[in-house]
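Asker: Protein chains in written order, with my numbering: chain U, 73 to 581; chain C, 389 to 696; chain V, 194 to 426.
Hint data in this document are derived by calculation from the structure and do not stem from the laboratory.
There may be inaccurate statements among the hints.
[To be verified] Cut-off 27 Å, straight-line C-alpha distance, at most; resulting in silico cross-link-like pairs (DSS-like, lysine-lysine):
#, chain 1, residue 1, chain 2, residue 2
1, C, K491, U, K434
2, C, K491, U, K444
3, C, K491, U, K445
4, U, K444, U, K480
5, V, K260, U, K444
6, U, K525, U, K501
7, U, K480, U, K445
8, V, K372, V, K338
9, U, K525, U, K470
10, U, K134, U, K434
11, V, K260, U, K445
12, U, K445, U, K470
13, U, K525, U, K487
14, U, K134, U, K123
15, U, K558, U, K525
The lines below spell out each chain.
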Amino acid sequence: MAGTPVISRVNVGRRPDQFTLKPEGGHTWRRWRPPLMRRHWLAWRGSYNPKSLRRERRLADKRPLWWTLGLGGLLVATPFMSDQFVNIAAIFCIFSAINVIWTLIVGAAGIFSLATMAVVGLSGYAAAAANVYFGVPWPLMIPIGAVVGLLFGLLLALPSTRLDGLYYALLTLGIAEICRVAISQIKALAPSNSSINNVDSFIPAGWYLQRPGLLIGFVAAFVLLLAALLVFRLINSERLGLLLQSAREDEAFSEAIGIDYRRARWWVFVLASSALGTIGAFYAMFYRSISLAVFSLDQVLLLFAMIVIGGLGRSEGAVLGTAIVVLIDKGLIGLGPLRIILVTFIMIVVALTTRDGLTGVKAQFRAFRNRKKSERRAAQTEKGGEVMPEEATEIADKQLVYRRLFDKRLRDGLKRTITPELIAEHRTKPLGQHSDALDRLLNYFRREEMPDKYAILRVGPLKSCSYRVMALSGSPGHPPRQVDDKLYPTLNEAYHAVFLLRVNDLLAS
Amino acid sequence: MMDATLLVYALYLAAIYSLMAIGISLLWSSVGMVNMAHGATFAIAGYAAYVASDWMVPLVKAWSTGSEATVVLAVLVVLVGMAAGALFGIVIYLVAFLPIHDKPNFAVRSLIVTLALNLATVQALLWSFGPQQKALPRVFGSGRIDLFGVPVRADQGITIVTTVALLSLVLLWLRYSRRGLEIRAVMQNSEGAALCGISTRWTALPVMTLTGALAGLAAVLLSQSIFVNPTAGTTPLIKGLTIALLGGLGSVAGAVLGAILIGFLEAATGAIPFLGQRYVLVLQFAFIVLVLLIRPRGIGGLLDETRE
Amino acid sequence: MSTDLLRVHGLSAGYGPLRVLHDIDFSISAGERLAIVGLNGHGKTTLFRAIMQLVGWQRGSVVFDGKEIGGTRSLGEGRYTPGIVRLGIAMTPQGDAIFPGLTVREHLDCGAHARSAWRDRARRRNQVYQLFPQLDALQDALVGKLSGGERRMVSIGRALMSDARLYLIDEPTLGLAPKVSHRVIEALANIPLEGKAMVIAEQNVALLSGVVSRMIGMHAGRLRGEVGHVGLA
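The following block holds chain U by itself, in its conformation from the complex (with noise of 0.2 Å):
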């Protein structure tokens, strides 16, 4: 008996552990949808399993579990927390906004703006001064602030094509210190340091800085970090994202196609910036003031730390990033200059370690231990045995990779069962009972292929002939082959000699 048979552990590809439902197979399955739209809140797969012959049902994406129970945490706690509380919450909905619509122009469109604040402080400028200096009602500084940025979007899209990333990014760095400079020449508002006070909001006069006060500008801002992730999936997820998905990726070759990525890059930039100046609308009324503090530097480099903790491109990064920050700096304010040096560890942590921020960790820990196994099987196999999966992919018929690891592995037993005594009982029973290993052994012999395989030719007449060995061609019309020019006496000597033959072949290969 050849030894335990190895087990092969030849894992092309790996299916994690999944949780499963198990519905009774007799109900019918309805599956509810968010009233108005054609999509469900959870994907749920249904399928079969040939193993347990049940029914299962597997969740195949589970982000919107985790937003749902993130942000719905947070809208249901928030009211029984404290004041300061429910401040950093507002201020953390307010920044994921601004955030998630940046991570659009970052991600999607692929231009690297740090214009973000300059938009947002301009627009609310603006908002904030038709209100207070033209008495306009507040609501309508929503769309003043949506025009605004739209404008400033346009202008800021046109070096954008011109201009390398980097160029563009320290261009629109210096675009936030003109905008605060400009502001402040204006005279109208030199008074009161250049920023403006009374602003008219959604939160009444009476009630800011109260609870009252502070709740509603919580569920205000909650309700703009809902607009602005629906504004990023609708330009993400949508026509647009999806043509600049291929130009991410291969702009040549998007271009070659026939899709117009510079066009959508543009209409991704405008778009997002007048949401930004809509945000900005929402800050004038969410602080009923503004002030050039919002143009400053650091605060542009803080936000761009949040979207590059969290990973540059995803809004679940945004909003991460944003959380982490926030949560520290705001949360944690006892600890002085203390929490931004906290921040910025995280910041180099993140960054030396991590490909693309934190929520691109899976990702980039699965690549990792794919290129681990791969080289760990690249060192272990020897040659002529496993099939690697890059040379399986290029042989159509399967049969022939598995074939081939069966017959190394039967190889290998057999080549452990060669032993003197084994050839001894040959040399004297060439044919006739044989033991279990040399039967095994000579059946593996017999069922070889035909080219090459080895015969016998008898030389001279019956009577007192004499045996040499031959290989046959394999193909019909060419005759076979001297193997070497040695005579035996015996049929069973040439037998034997056959059968050393094809032990030295088998020890060889």
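Starting from the known structure of chain U, arrange chains C and V on it as the hints suggest.
Answerer: For chains C and V alone, kept in the frame of chain U given last:
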């Protein structure tokens, strides 16, 4: 009207800006990294010079009170500033370059790490020294020298001379020393350099030390006219970045030319009566934007080979 | 074989998931000039780059002078390349990898990376000028302004400045006029190879006769066919 004092002032500004801009340009083209922590290097060097001068002034005054004492003090303070800048450059190398220089997405990640270092350093300085501005003693004297009949402020004159001397040294070193050759090789073709046995890792270290020292020098020189405070590095950083862009990243000559242009622009803007200091920044940016729109790769594209 | 200077065994390498080289097996001993011939795109350059670890491996082993230079770790980004160069392998890549802003003399100096080679660089430069007389007059010219043939000579000369014992020359006649190609190949034939070896990847087989002692064909990432003792040497 442009007169000699204004000319000197313009050159003075150009000198300081060129120190910062060359540092950023050189680093980007040889290493592929944007160093946002350059401002922090500037601030740290300023503080180091402040602390050093604090305990050096009494010692030197005890030794001699003549004019050679001023010279010695000036040299010592400059050296301390440069050393502090170089040390911080090494820190940036260890934290922002070494762990990730061969990993994917290096440019963005190093940008973030240097940004974080900048923020952290500024906060740390705020914490330990407080937000008040500190004044460095007038190590360069506060007199005026007469140069060809033109009254020149001593500190401005010395700044220009020192900068020109040091930059020339640096450029000579780059051109004629072995390390300089290696750095230039890496700047122009990193794969070719690897095939010559030059590793980016070991070239980045002298580059970062050198650019840190240059920033330190700029800090000490500039601290004569502005105060030392934790955020002192921000404006020079922004100016350095934009001038490096103007000159074309990777072009040292372009950075110098850009610095001269911007220096003159700043001096001129400040002098024009109805504009004044407040419009300096706006005008500078407008100028840079204009140039970049016409030549998206900066002035230096004209002058020598640059890295993409 | 213990006299092998370089022994490649079972090398499979490629770019990311794409496998370009399949199970490459060859060896070269000191004093030998080997040519790897094949059409464009069949893996000659990838083979050289894999040995220099500018391209990631999937499996295999490369033993240079008894020392294993493993490549499965490397992602092929050139991080370990300077180390391999210091071990004694010099490659002239396809397209020369020149530094456009440096002069010819500076180029050659770049090649002398070992300390002893650096100190000796004037003498080695003269040796290169003897091999390529045209470069002598161009010592201070910017390489970015030179013609294709002169650049190729600078690139080869740069590889010769070091203490390398194995020269990997990738497509030395690519893009050159016939007369210049002849000159370059002649120079390659004249490089003395005591204790050293040279592997030339080339498409133009006719030029190599009389220069190399062995030729191996490469097709679709596999080595096929070997012709030994071609012409002299």
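Asker: Hint by hint, say whether it matches the structure.
Answerer: Now the hints, each set against the structure:
The suggested pairing of K491/C with K434/U holds, with an alpha-carbon distance near 17 Å, which does not exceed 27 Å. For a cut-off of 27 Å, the pair hint linking K491/C to K444/U stands: about 16 Å separates their Cα positions. For a cut-off of 27 Å, the pair hint linking K491/C to K445/U stands: about 20 Å separates their Cα positions. Only pairs whose Cα atoms come within 27 Å are accepted, and K444/U paired with K480/U is accepted, the gap being roughly 25 Å.
Between the alpha carbons of K260/V and K444/U the distance comes to roughly 24 Å, so the proposed pair stays at or under 27 Å and holds. Distance restraint check for K525/U and K501/U: the Cα-Cα separation of roughly 21 Å lies within the 27 Å cut-off, and the hinted pair is therefore satisfied. Taking the CA atoms of K480/U and K445/U, the gap is near 22 Å; set against the 27 Å cutoff, the hint holds. At roughly 20 Å between alpha-carbon atoms, K372/V and K338/V fall within 27 Å of each other, so this suggested pair holds.
Distance hint between K525/U and K470/U is fulfilled; the C-alpha atoms sit about 25 Å from each other, no more than 27 Å. Taking the CA atoms of K134/U and K434/U, the gap is about 13 Å. The hint holds against a cut of 27 Å. Annotation: proposed proximity of K260/V to K445/U holds, straight-line Cα distance about 26 Å (limit 27 Å). Annotation: proposed proximity of K445/U to K470/U holds, straight-line Cα distance about 22 Å (limit 27 Å).
For the hint linking K525/U to K487/U, the alpha-carbon distance of about 19 Å falls within 27 Å, and the restraint holds. Of the pairs offered as hints, the one joining K134/U and K123/U holds, with about 25 Å between alpha carbons and a cut-off of 27 Å not exceeded. Pair hint K558/U plus K525/U holds up; C-alpha atoms about 17 Å apart against a cutoff of 27 Å.
Of the numbered hints stated above, none is contradicted by the structure.
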